[in-house]
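J.: Start from chain A and add chain P according to the hints.
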Amino acid sequence: MSVTLSPRGASAEITDFDAAASCFAIDGLSLAYDGRPALRDLTLAIPRHAVTAFIGPSGCGKSTLLRALNRLHDLDDTVGRAGRIRLEGQDIHAPDVDVAELRRRVGMVFQTPNPFPMSIYDNVAFGLRLQGIKRKRTLDEVIEWALVSAALWDEVKDQLHTSAWRLSGGQQQRLVIARTLAVQPEVLLLDEPASALDPISTLKIEELIRSLKSRLTLVLVTHNMQQAARVSDYTAFLHDGELVEYGATDSLFTNPRLARTENYITGRMS
Amino acid sequence: MKRWRTSGEGGWPWLAAGGVAVSLLMVVALLMLIAGRGLAHFWPASLERVTLADGAVIAGEPVRHVTTRDGRDEWLYRTGNRDLDGRTWRWLEAGDIVSRTRPGDLLELQRERWGPFIGRLVAVREADTTVIDATAGSARRWQALETRLARARALRETIETRRRETIAPLARQLAAGTASAEQRAAFERARDALTGLREALARDSLVLESVDGRRLEQPLATVLDAWRPNAMGTLDKLGLWGRRVWAFLSEGPRSANGSDGVWPAIFGTVLLVLLMSLLVTPFGVLAAVYLHEVARQGPVTRAVRIAVRNLAGVPSIVYGVFGLGVFVYGIGGTLDRWFFSEALPSPTFGTGGLLWAALTLALLTLPVVIVATEEGLARIPDHQREGALALGATHYETLTRVVLPMAMPAMLTGVILAVARAAGEVAPLMLVGVAKLAPQLPVDGEFPYLHLDGKFMHLGYHIYNLGFQSADAEQALPLVYATALLLVAVIVVLNLTAIFLRHHLRQRHRALRH
Numbered sequence: 001m002s003v004t005l006s007p008r009g010a011s012a013e014i015t016d017f018d019a020a021a022s023c024f025a026i027d028g029l030s031l032a033y034d035g036r037p038a039l040r041d042l043t044l045a046i047p048r049h050a051v052t053a054f055i056g057p058s059g060c061g062k063s064t065l066l067r068a069l070n071r072l073h074d075l076d077d078t079v080g081r082a083g084r085i086r087l088e089g090q091d092i093h094a095p096d097v098d099v100a101e102l103r104r105r106v107g108m109v110f111q112t113p114n115p116f117p118m119s120i121y122d123n124v125a126f127g128l129r130l131q132g133i134k135r136k137r138t139l140d141e142v143i144e145w146a147l148v149s150a151a152l153w154d155e156v157k158d159q160l161h162t163s164a165w166r167l168s169g170g171q172q173q174r175l176v177i178a179r180t181l182a183v184q185p186e187v188l189l190l191d192e193p194a195s196a197l198d199p200i201s202t203l204k205i206e207e208l209i210r211s212l213k214s215r216l217t218l219v220l221v222t223h224n225m226q227q228a229a230r231v232s233d234y235t236a237f238l239h240d241g242e243l244v245e246y247g248a249t250d251s252l253f254t255n256p257r258l259a260r261t262e263n264y265i266t267g268r269m270s
Numbered sequence: 001m002k003r004w005r006t007s008g009e010g011g012w013p014w015l016a017a018g019g020v021a022v023s024l025l026m027v028v029a030l031l032m033l034i035a036g037r038g039l040a041h042f043w044p045a046s047l048e049r050v051t052l053a054d055g056a057v058i059a060g061e062p063v064r065h066v067t068t069r070d071g072r073d074e075w076l077y078r079t080g081n082r083d084l085d086g087r088t089w090r091w092l093e094a095g096d097i098v099s100r101t102r103p104g105d106l107l108e109l110q111r112e113r114w115g116p117f118i119g120r121l122v123a124v125r126e127a128d129t130t131v132i133d134a135t136a137g138s139a140r141r142w143q144a145l146e147t148r149l150a151r152a153r154a155l156r157e158t159i160e161t162r163r164r165e166t167i168a169p170l171a172r173q174l175a176a177g178t179a180s181a182e183q184r185a186a187f188e189r190a191r192d193a194l195t196g197l198r199e200a201l202a203r204d205s206l207v208l209e210s211v212d213g214r215r216l217e218q219p220l221a222t223v224l225d226a227w228r229p230n231a232m233g234t235l236d237k238l239g240l241w242g243r244r245v246w247a248f249l250s251e252g253p254r255s256a257n258g259s260d261g262v263w264p265a266i267f268g269t270v271l272l273v274l275l276m277s278l279l280v281t282p283f284g285v286l287a288a289v290y291l292h293e294v295a296r297q298g299p300v301t302r303a304v305r306i307a308v309r310n311l312a313g314v315p316s317i318v319y320g321v322f323g324l325g326v327f328v329y330g331i332g333g334t335l336d337r338w339f340f341s342e343a344l345p346s347p348t349f350g351t352g353g354l355l356w357a358a359l360t361l362a363l364l365t366l367p368v369v370i371v372a373t374e375e376g377l378a379r380i381p382d383h384q385r386e387g388a389l390a391l392g393a394t395h396y397e398t399l400t401r402v403v404l405p406m407a408m409p410a411m412l413t414g415v416i417l418a419v420a421r422a423a424g425e426v427a428p429l430m431l432v433g434v435a436k437l438a439p440q441l442p443v444d445g446e447f448p449y450l451h452l453d454g455k456f457m458h459l460g461y462h463i464y465n466l467g468f469q470s471a472d473a474e475q476a477l478p479l480v481y482a483t484a485l486l487l488v489a490v491i492v493v494l495n496l497t498a499i500f501l502r503h504h505l506r507q508r509h510r511a512l513r514h
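Chains as they are written, first to last, in our numbering: chain A, 1 to 270; chain P, 1 to 514.
With the rest of the complex left out, here is chain A (with noise of 0.2 Å):
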């Protein structure tokens, strides 16, 4: 599959991207806190079971759009959008859509890792039970299968019933991830999930992101340029709101075609 996209006004060519491969497809999103603009009229499209990373210098929107992914701006009624997102081809905003089973859909993991301050079991099985899954055979299964799949199970399997809070960033991190997969999401939205680890922890985290990828679509925001490199498929550089260039992450990093992506990727502007 090969994917050249670019944003539109950024670059002449208008991609050919296949649009049956992709995920979500943003059109024309733009977003405003209180009326300053944070995103500017951006237009991708994400692909199905890889990963996507987002990049750019810190207050260039990319955390801003991440969470419009799942409509979490919605909890802040100062934000006003423009433009549309559509996840496999229905608009997330439209008035029939249900924000909590979209939000279901679209998992997203934050930076601080924020377990719910209850046992391990039950922080994994908080999704379900809102489901209404009562179980106990099938919640076992289930949360079972999602630290094995958080790559945690080994470490927590003998101490499931005390509190998660015990547990140490990395560990809190990936639980948060088998909390959120334990729901079975299409999505997972990682907003710098390392950026408060250390860096055995990050690896980890990097390594399950691969893994994860054959099972869902995962789209990542990070301020580090080398761990983009290592797990992204893709990568997005927005600045000052607007997608600058988005690619193939190998091509865009060894090859960007604006100057100031390069200079971006090479430190040269933070």
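None of these hints come from the bench; they were simulated from the model. Note that the Cβ used here is the ideal one computed from N, Cα and C, for glycine as well. There's no promise every hint is true.
[Claimed, not checked] Here are some of the chain P residues that sit facing chain A, going by a computed Cβ distance under 8 Å:
id: 1; residue: Arg296
id: 2; residue: Leu344
id: 3; residue: His383
id: 4; residue: Gln384
id: 5; residue: Glu386
id: 6; residue: Ala390
id: 7; residue: Leu391
id: 8; residue: Gly392
id: 9; residue: Ala393
id: 10; residue: Thr394
id: 11; residue: Glu397
id: 12; residue: Val402
id: 13; residue: Met406
id: 14; residue: Pro409
T.: Okay, now just chain P, sitting in the frame of chain A:
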């Protein structure tokens, strides 16, 4: 401390530490004062036989020594015997006192009427015949008194139990007209048995003599307790002290001057505070949740928040006036017109009562709970809420499953503060239903078990009554201290309960085992 001296910082740490020390000292001094004065009241003090210069003899407990402004030394004696002398206290000039002795056979009786008797026991009579007389020696007379007093006490207890458990329910059924012939007969039998018991109780009487030789006959049935303090050892005195403290705590007031037990007041205080907590917590939590989690933040929420905080500063008597106007006359009067019109003009809910008092206090403490809960909600990081939402939880599910459990300790902090404020309030209660004397507890075995419309007693109001409304100020003063100590103890226990609960909840958030 060495660090302070050598740091070259000057005296400010000492000043700060001094502030803490002074505060602590004042609290300790206050507690020691009320504990000392209050608890000493129940100690069976030695009785003295005093001979005066003019030949008069009196007996009593020396309470206080004062030097008057014109230089005379005076002693205050508690002499009892109000039925003989018409007074309970006597001031004696120290110069008039010729001799003071402590004869072992001086005894003090606690009686149902006329207060204490101080004097000697001359004879014990049983159904108009003297069984033990003055020739028997004081030890045997005392022994006879003790055994007969124990018997009378047991009889009195039996009568009380029978009356409460057998007669009262039957009498209620008879009054309601629902009793069968069988129950009617049972009632007659029980009443006859009770009459027999009362006669048995009235069998004995004591012949008493004051130290100046006046005699009186006292039915044993009206004697509550008797002791000979001069003949008692420290352990005996301690036992008696414990018994009197327990009687103070566990018995109801026998007379309108309130100088006996305070159990209904303890019960009323605790029940009032519990009811208040039950009423204030849901309202306060809901209001805080609305303000912090639901309402759009803006000038209106800010204004509401400022208003709530200011409500906490409104004087409590103002809440009392509000409670009287709105709850008692407004809502209570309306309820009476709708549901209890057959009882009018005597009000059912249209007068002060437990429910209205609890509601008034709930209103008074509402701001405290709202502010504490809101602060707790504000401390919960947003990423916890987002974590729940990102798993597909609705706003409501996020609130009930993640946010509120995490805010629970803060809510309890609010309740603790509310309890601390409400338990000590007296002023508003005087308007909305506290009673000087309400020996009937608001909870009993009769449907609906909890009588919210009833008047109730309260320790704080009881203190006020003892201190300012009592005919015998000398008698009431130690009880004021004792009741004040009790009020402090009750508040401490209530607060400790809530603190324990909060600690327990916090523990649940942490892991209990590895």
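J.: Against this structure, judge whether each hint is valid.
T.: Here is what the structure says about each hint:
no., hint, result
1, Arg296, "6 Å, holds"
2, Leu344, "53 Å, violated"
3, His383, "4 Å, holds"
4, Gln384, "6 Å, holds"
5, Glu386, "6 Å, holds"
6, Ala390, "4 Å, holds"
7, Leu391, "4 Å, holds"
8, Gly392, "3 Å, holds"
9, Ala393, "5 Å, holds"
10, Thr394, "5 Å, holds"
11, Glu397, "6 Å, holds"
12, Val402, "6 Å, holds"
13, Met406, "6 Å, holds"
14, Pro409, "11 Å, violated"
When held up to the earlier numbered hints, the structure conflicts with 2 and 14 and fits the remainder.
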